[in-house]
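Fit chain B to the given chain A structure using the hints.
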Amino acid sequence: MAQREKLLEIKNLKQYFNEGKVNEVKAVDNVSFDIFKGEVMGLVGESGCGKSTTGRTIIRLYDATGGEVLYDGVNVHGKKSKKQLKDFNRKMQMIFQDPYASLNPRLKIADVIAEGIDIHGLAKTKQERMEQVYELLETVGLNREHANRYPHEFSGGQRQRIGIARALAVQPEFIIADEPISALDVSIQAQVVNLMKKLQKEKNLTYLFIAHDLSMVKYISDRIGVMYFGKMVELAPADELYKNPLHPYTQSLLSAIPAPDPISERTRKRKSYDPASHNYEPNEPVEFREVTPGHFVLCSEKEFKQFKVQSK
Amino acid sequence: MEKVLQVKDLKISFHTFSGEVQAIRGVNFDLYNGETLAIVGESGSGKSVTTKSIMRLLPEHNSEIKSGEILFEGKDLTKLKDKEMQKIRGKDISMIFQDPMTSLNPTMKIGKQIMEPLIKHQNMSRHAAKERAVDLLKLVGIPKAEIRVDQYPHQFSGGMRQRVVIAIALACNPKILIADEPTTALDVTIQAQILELMKDLQKKIDTSIIFITHDLGVVANVADRVAVMYGGKIVEIGTADEIFYNPQHPYTWGLISSMPDMDTHDEELFSIPGTPPDLLDPPKGDAFAPRNPFVMKIDLEQEPPFFKVSDTHYAATWLLHPDAPKVNPPEAVKRRQNQFAGNAPTATLEKTGQSQFPGKKEGK
Numbered sequence: 001m002a003q004r005e006k007l008l009e010i011k012n013l014k015q016y017f018n019e020g021k022v023n024e025v026k027a028v029d030n031v032s033f034d035i036f037k038g039e040v041m042g043l044v045g046e047s048g049c050g051k052s053t054t055g056r057t058i059i060r061l062y063d064a065t066g067g068e069v070l071y072d073g074v075n076v077h078g079k080k081s082k083k084q085l086k087d088f089n090r091k092m093q094m095i096f097q098d099p100y101a102s103l104n105p106r107l108k109i110a111d112v113i114a115e116g117i118d119i120h121g122l123a124k125t126k127q128e129r130m131e132q133v134y135e136l137l138e139t140v141g142l143n144r145e146h147a148n149r150y151p152h153e154f155s156g157g158q159r160q161r162i163g164i165a166r167a168l169a170v171q172p173e174f175i176i177a178d179e180p181i182s183a184l185d186v187s188i189q190a191q192v193v194n195l196m197k198k199l200q201k202e203k204n205l206t207y208l209f210i211a212h213d214l215s216m217v218k219y220i221s222d223r224i225g226v227m228y229f230g231k232m233v234e235l236a237p238a239d240e241l242y243k244n245p246l247h248p249y250t251q252s253l254l255s256a257i258p259a260p261d262p263i264s265e266r267t268r269k270r271k272s273y274d275p276a277s278h279n280y281e282p283n284e285p286v287e288f289r290e291v292t293p294g295h296f297v298l299c300s301e302k303e304f305k306q307f308k309v310q311s312k
Numbered sequence: 313m314e315k316v317l318q319v320k321d322l323k324i325s326f327h328t329f330s331g332e333v334q335a336i337r338g339v340n341f342d343l344y345n346g347e348t349l350a351i352v353g354e355s356g357s358g359k360s361v362t363t364k365s366i367m368r369l370l371p372e373h374n375s376e377i378k379s380g381e382i383l384f385e386g387k388d389l390t391k392l393k394d395k396e397m398q399k400i401r402g403k404d405i406s407m408i409f410q411d412p413m414t415s416l417n418p419t420m421k422i423g424k425q426i427m428e429p430l431i432k433h434q435n436m437s438r439h440a441a442k443e444r445a446v447d448l449l450k451l452v453g454i455p456k457a458e459i460r461v462d463q464y465p466h467q468f469s470g471g472m473r474q475r476v477v478i479a480i481a482l483a484c485n486p487k488i489l490i491a492d493e494p495t496t497a498l499d500v501t502i503q504a505q506i507l508e509l510m511k512d513l514q515k516k517i518d519t520s521i522i523f524i525t526h527d528l529g530v531v532a533n534v535a536d537r538v539a540v541m542y543g544g545k546i547v548e549i550g551t552a553d554e555i556f557y558n559p560q561h562p563y564t565w566g567l568i569s570s571m572p573d574m575d576t577h578d579e580e581l582f583s584i585p586g587t588p589p590d591l592l593d594p595p596k597g598d599a600f601a602p603r604n605p606f607v608m609k610i611d612l613e614q615e616p617p618f619f620k621v622s623d624t625h626y627a628a629t630w631l632l633h634p635d636a637p638k639v640n641p642p643e644a645v646k647r648r649q650n651q652f653a654g655n656a657p658t659a660t661l662e663k664t665g666q667s668q669f670p671g672k673k674e675g676k
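The listed protein sequences derive, respectively, from chains A and B. If you use the working numbering, the first sequence corresponds to residues 1 to 312, in order. If you use the working numbering, the second sequence corresponds to residues 313 to 676, in order.
A few of these clues could be false.
Pairs of lysine to any residue, SDA-like flavour, derived with a Cα cap of 20 Å [unchecked claim]: (1) A:K269 <-> B:D536; (2) A:K243 <-> B:K516; (3) A:K271 <-> B:K511; (4) B:K516 <-> A:R266; (5) B:K511 <-> A:E265.
Hints in this document: simulated from the structure, not taken from any laboratory.
One chain only, chain A, in its complex shape (with noise of 0.2 Å):
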């Protein structure tokens, strides 16, 4: 693993709010990970932890408080010429949490597909720039005859296949997929995650997955990284994070999400995360640290050896 090329490095990422002032929100506090080619990392956490936040600003929708997001090496929030912001925008797209709001109504499925590909000049003729949305619309499972309709004539399912032909239109490296699902059914949900599952082998994407809904994770990520409060508490493969989470708010989380297994519902016994039961003294350093290869998590010296002892 530890020969895998870094697509992005986050290196202390901080996004305030109102920076300065009495309400000041550390939405995202000194976050730092790397996204490795060709995987599927998974962002999850509780409304309000930072994680739509974290994938918003590496994509430059805010701009950083601190800290720096390097992409192939290239830091995303440094300066940057016109064409250079365009260049980079096109290897980086966005999937969107509701389907009903991201689709602008008032225009063709053609049109909302072909938006990044008229932007980056990707098309040269007409035609072509219809047969490159033919193509991605066949793609994500929709007819050619969808590309003259409107947004509104859509199912959910549908509509966020299209959010994904759009993402796809100009043939990005690197998706972040923010809550992609969480606004379809159950039985669409499958079907959408199917279809993320399988353009990824096809194109060799990289995705940073945010979600709630943690068997979705689980199941679609490697990688898996939780967040509370603005920090990331715990990184680490999916399994291994399943099979031996070490934070306690990772614990309580897990310990959370009803199984659709009556048997073992009833036995189950729910943890709850109180984060002054780490009783840290006072500028006790906590920190990121590597317990095993692969998983870390943030705590202090003490915890640290802790863990490593768990974890033998």
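Then chain B, alone, in the frame of chain A:
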């Protein structure tokens, strides 16, 4: 067990500009004393319409109860006058809505909102009602209830607001509590707390709960019995164990196997193809037929009746007909069936030699 509510052959339509939407197309179920009945199904399957009709909360100008009755304590709720219904609503039958952010009045103090049903239904004095409101807030686990009772909804977090909504719903010790996706808008950790609270309170005040959700994990956590709805009908009903470990309807199979459990990783998720039926023009025969991988000719012609699997378990699929071919449910379902140690007869899908069954077709 005693039946507290009976819904019989309920049919409800909405009149819209594009025509008549047949939202509920013949729903039957009983609710027993002290049980939790979960209704699951995707959006548009009719689960919310069913429960809103019990509360008589459907819009009057465009909805119509075509037929059927809802029996509660010998009275047919569909025929009651508005005045009579007002005496039941909030007292004997109350409801928790999905979104705690919008179901409270932002301009009224929490305490006053809890006192409302107490003063209306139980003729309590304001003073007594306020004391009871504080007790109720304590009951649903709100700390410093004496101070909180005089605060406004915006001073509460989402989970706290849902607790307040529960306190209001439980104020008059209702016989039936309808919870319409009460935890969908909440985070998993808060959801777990609210579910625990509801189960705990149910034991204390002995109420029956109808729990609407699309989250099968939540169903497994709370339900005694489960009804699966599809296209305006119940397609399968049984105890939680029967539905989760011995499902019979192909739609239930699809629902259960489209959720990844903690072990699925590399295999593709089973997904139900297609989209739910258009209830403006419901398909002839079984509404699930166009999405059913095990579809038979008869599914397209005739609606399946309920077949009995056990005394508590019924499913409406032609696959349970004695002449139907034996089919292979998805792997995830088979794994569950193996796990099912119950005494449910599994011989229902037996193939009986050369059959006269019309259009039999071997499933995938």
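Broken hints, by number: 2
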